[in-house]
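Number of protein chains: 4
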Amino acid sequence: MVFVLKQNVSPEQINLFVEKIEAEGYSTFISTGTEHTVVCLIGNTAKIDLDFIVQTNEIVEYGKRVTEPYKAVNRTVHPEDTLVKVGNITLGEGFFQVISGPCSVESEEQIVQIAKAVKESGATLLRGGAFKPRTSPYAFQGLQETGIKFLLTAKQETGLPIVTEIMNQTQLPLFEDVDVIQIGARNMQNFDLLKEVGRSKKPVLLKRGLCNTIEEFLMSAEYIMSEGNSQIILCERGIRTYETMTRNTLDISAVPLLKQKSHLPVIIDPSHAAGIRSLVAPLSKAALAVGADGVMIETHYNPSKALSDGAQTLDLEQFASLMKDLKKRAAFEGKAGI
Amino acid sequence: MVFVLKQNVSPEQINLFVEKIEAEGYSTFISTGTEHTVVCLIGNTAKIDLDFIVQTNEIVEYGKRVTEPYKAVNRTVHPEDTLVKVGNITLGEGFFQVISGPCSVESEEQIVQIAKAVKESGATLLRGGAFKPRTSPYAFQGLQETGIKFLLTAKQETGLPIVTEIMNQTQLPLFEDVDVIQIGARNMQNFDLLKEVGRSKKPVLLKRGLCNTIEEFLMSAEYIMSEGNSQIILCERGIRTYETMTRNTLDISAVPLLKQKSHLPVIIDPSHAAGIRSLVAPLSKAALAVGADGVMIETHYNPSKALSDGAQTLDLEQFASLMKDLKKRAAFEGKAGI
Amino acid sequence: MVFVLKQNVSPEQINLFVEKIEAEGYSTFISTGTEHTVVCLIGNTAKIDLDFIVQTNEIVEYGKRVTEPYKAVNRTVHPEDTLVKVGNITLGEGFFQVISGPCSVESEEQIVQIAKAVKESGATLLRGGAFKPRTSPYAFQGLQETGIKFLLTAKQETGLPIVTEIMNQTQLPLFEDVDVIQIGARNMQNFDLLKEVGRSKKPVLLKRGLCNTIEEFLMSAEYIMSEGNSQIILCERGIRTYETMTRNTLDISAVPLLKQKSHLPVIIDPSHAAGIRSLVAPLSKAALAVGADGVMIETHYNPSKALSDGAQTLDLEQFASLMKDLKKRAAFEGKAGI
Amino acid sequence: MVFVLKQNVSPEQINLFVEKIEAEGYSTFISTGTEHTVVCLIGNTAKIDLDFIVQTNEIVEYGKRVTEPYKAVNRTVHPEDTLVKVGNITLGEGFFQVISGPCSVESEEQIVQIAKAVKESGATLLRGGAFKPRTSPYAFQGLQETGIKFLLTAKQETGLPIVTEIMNQTQLPLFEDVDVIQIGARNMQNFDLLKEVGRSKKPVLLKRGLCNTIEEFLMSAEYIMSEGNSQIILCERGIRTYETMTRNTLDISAVPLLKQKSHLPVIIDPSHAAGIRSLVAPLSKAALAVGADGVMIETHYNPSKALSDGAQTLDLEQFASLMKDLKKRAAFEGKAGI
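If you read the sequences in order, they're chains A, B, C and D. Take the first sequence: its position 61, counted from the start at 1, is 61 in UniProt numbering, and no numbers get skipped. Take the second sequence: its position 54, counted from the start at 1, is 54 in UniProt numbering, and no numbers get skipped. Take the third sequence: its position 150, counted from the start at 1, is 150 in UniProt numbering, and no numbers get skipped. Take the fourth sequence: its position 168, counted from the start at 1, is 168 in UniProt numbering, and no numbers get skipped.
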């Protein structure tokens, strides 16, 4: 249930209103816009007399029931777009950012070289896996702590903020200097991890699970936001279907839907969605046109020798050429960023 | 198995070569490009000595095995893009066409009024269902023959070529004046119908089945083409997944894949893919950016009163506004058509 | 909308009631049970005042709205199980029948030999494909008319009723002596074909489409039954999912659901569902235990040389051994038939 | 790669052989059967000369490449069925066990009362959720530590071993007295958690992920077993498909496949698979017939007031009646247990 307050109500008035509601056993989430403050009630609001509250609290302009189970991430509650700040980079409506780098960090030399190249081409954030979730216990599991150290070196050398994946909440202390914590598809419903990163203040890049609905995706963002962290970037990365020619099926409709339903930035990972190098460029162009706020692209100076995901990785020249094209398109769409 | 012939071989030489191969029990499919003629062997070619043929037939430049089960529609066999001509409209690489109109033809007045409006906005073909495949036997099944008559009136009044769906091969005589015969998703593997339209010379718009793989889609096109008709337009219209927020899941990756694997035009139907009016515009933009050769959009002057599919139908104003945007984008992409 | 009539109303009274309703523009479907007659209204019943009808027609015990879109096949309308009679074989509740035979009829000798063997083992119906729907136009398309002729010879030699697939409605005259017409998965929503077999009086074995919901499956049965033919056997044969280790995923829950929702017999095709020989026996046992009324099993005297579907076909010895086991299980369940 | 050793080789000979292989950089997994010992090489074995090893090590009977990526859980490596012992209960081939109890532990009184009832009816293990993974952060998250305490009371009162779900590895100390640790569907690929329970010696009940393949399921079991714990029970609980009439689609074919591919016990959870009370009995019967080693069934004395999953929960009377039937069926199949 959501109450939109009148303009120019004082913080004191808001506090009084909120205290009254919380005394009834509800928690609240407050969203302060440029014109209106919105108070969102969380909990089972079935018993609340909405009209009574509107009539007996003069600071309330109007109220409405939010039937969707996600509250804090709901655009109804927070009509303005959330912009996520990472260093001097902004992710969200009006911007188009490109996160690039290798699937796995393999060595200091590797990540630094790739970081320099993608920065040169115009990427605005650096990705690289240090902890790698792998289907097989016998596959390369990533350089782990050392991988994060190498990423920080690459950040120092290029100025690019870094994005890297966490696998469980005990690793959080290692992510202190990481700019954006990634939650991978397999952990989208690792609720304890979501709560934990919700209690940190760091931007979180949340990937949609392989087989999760858009509503479940938003509910996982809700887990993070309900703990106080609204710096969330949603990432559509393909869903599992019966089609076998691509690794996954990019659900491009999810982008406009997520942007209609929520106020959070939405990006696309065309590399994992398709699993095929030759599809990365067309899907990136489609991402821009459909309204995504960015893409995340795997690059390597030698994809055929990459320790993981070589088949979907662009080499540095292919990436540079794609970036040239994307810059023209971002200009056409009137988007800042790259 | 495919043989690329040398330049400047005479028709007589080609005939001799083909006769020799067919005498071995294979059928052939011949594709004449601007520079090279390609001869494709159809049948189980496992026993053929490829090198022997290349060495003993001096008109052959080189040969290679085509492992994909689709032969005639395969780009390897026919490297140049097929352009489908419908009146003075061209569908295929380099063009972007917009097919528009109501889900169902409801009356002469309705289809003529909508046809005029979509033409005014820049649509280049008119769609409208006369025979409607409906899940329920109690639902409106279309105006049938009368619907086709009304479509032809609308064509006469506007000059727009018409696209309408056939449901079984006994209806073919009714489609004599129809410009493009549509095979719907549920009939994608109605093999007898495919063969029958393959024997006609009319352009065919073949929709991907709800749950068919890209390879099966190409094999259905192969059914049509193996009967001699290569005027085929492939249409991606969403596949069935576990996601329930959209009617289907648009498999946008299918577009670049189909264009890589085959030489046929590929369009997108964003209306059926999403089933939600507000997604039609973003998905149409994505279609253009990803490389599709057109879109097929449902329109109606009063979507809320449409006899079918109202929720996904644009009204005429929304369509006009989308067309303005798509024209700018087609210009940006360097595409003719709209 | 359904009206349950009082006991002991006369046929004349029923006719009067039905005429009155049909005069309002509704069609009706009448189901005569041992105790009650049920009259089902078909069409948009939203405007009907249910209470008014009950109060003003004294032969009506009570009425209720049937919200499911399927009416005639709905168990609410027809609470008693439909039994389908094929010669002296009964399909439906209380019976367990085994339909067996090769995927394709290959020769007279082949089908006769297999028919004799499966009869010897206890199969009660013979299957064999004459018209074969194949993904590829270059694959074996069946012996067609000749195949049906060979099936009829096998029937003559063994007395087993025959089940074979139709591919389009123009083939109906060829099926005059066939006992059960099979509609394949790809034709489950070939609505014109459904209507046509609905107008015949022959038993129809309707297979669930690869990607169709249970409700759509029932709606396709409704197409047949709404034309007057209630001799329908539903066949669950696996649905398409992301799993690749099996050919399809047998949706075993569909059996009890279909039997709860409708009054029609339900069988399982474990051969196509799994696509793996070693799963046919365990899935057949599960079919019996879950409440299916039969199974349809592919057999061949030499599966490795079968012209189609060899990997999922049992040899005659494996089939004989499975039949021995199934007979014990049918006895345990108290089912007649095999 | 797998080496089957000759009969009657001494432990010293085996050690020497293993040391030699490990010196080449491979890890090994040793499986001691009643007749043969099998040594399994783990790692990339592409470079190994298999014949050379067989010829130069006289204790080796024969070797073969195991192409499946799962090694330790592979039946080729360990041909005998693994039996998991929980107290005096045995799970695995030859037995059929029934795990029963409420979705969530709600109070001491509730879990004790249900435990007594299901024991009375013949259940052999008690289930109950203390930590509940819930899609919404606002839904009941379980009684947590207190829930485990209440489960232990119920165990004390009834003697039934208890099964309950862990959500992350920091909770392991709380599970010291729990008999079987359950890994839920959403955590099937929480690899760090899998490794951690692999290092414990407790039996693990591993549920298949909502959208995971059978191969991925086995690879997750491999994660546990590669850390030294082979006390693993695999649980098929339905996969996500497009069908909406059931909560999930029970993939019953997974049972015989998992038992062919691996040596681990396999059970079915019909409650979560179907999500519908009326399907629990038919699916449980099918489970027994298809060869499953048990079922896990949700029960409650008042399902309509259960704090979670009421719609799929049997009341105690329904459960008692199902158990009577399952006991007869287990006897028919020649299975011990219930």
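By construction, these hints were calculated from the structure, which means they are not laboratory data. Quick caveat, the model's predicted, so the values are computed rather than measured. The reader is advised that the hints may include incorrect statements.
Copies of one chain are not kept apart here, so a pair can be met inside one copy or by any two copies together.
The calculated lysine to any residue pairs, modelled on SDA-like cross-linking and capped at a C-alpha distance of 25 Å, are [unchecked claim]:
| # | residue 1 | residue 2 |
| --- | --- | --- |
| 1 | 20 | 61 |
| 2 | 328 | 22 |
| 3 | 261 | 276 |
| 4 | 261 | 303 |
| 5 | 6 | 81 |
| 6 | 261 | 112 |
| 7 | 20 | 302 |
| 8 | 85 | 335 |
| 9 | 195 | 138 |
| 10 | 64 | 171 |
| 11 | 324 | 54 |
| 12 | 20 | 304 |
| 13 | 195 | 169 |
| 14 | 149 | 173 |
| 15 | 195 | 144 |
| 16 | 64 | 156 |
| 17 | 116 | 89 |
Okay, which hints does this one fail, numbers in order? 2, 6, 7, 10, 11, 12 and 16
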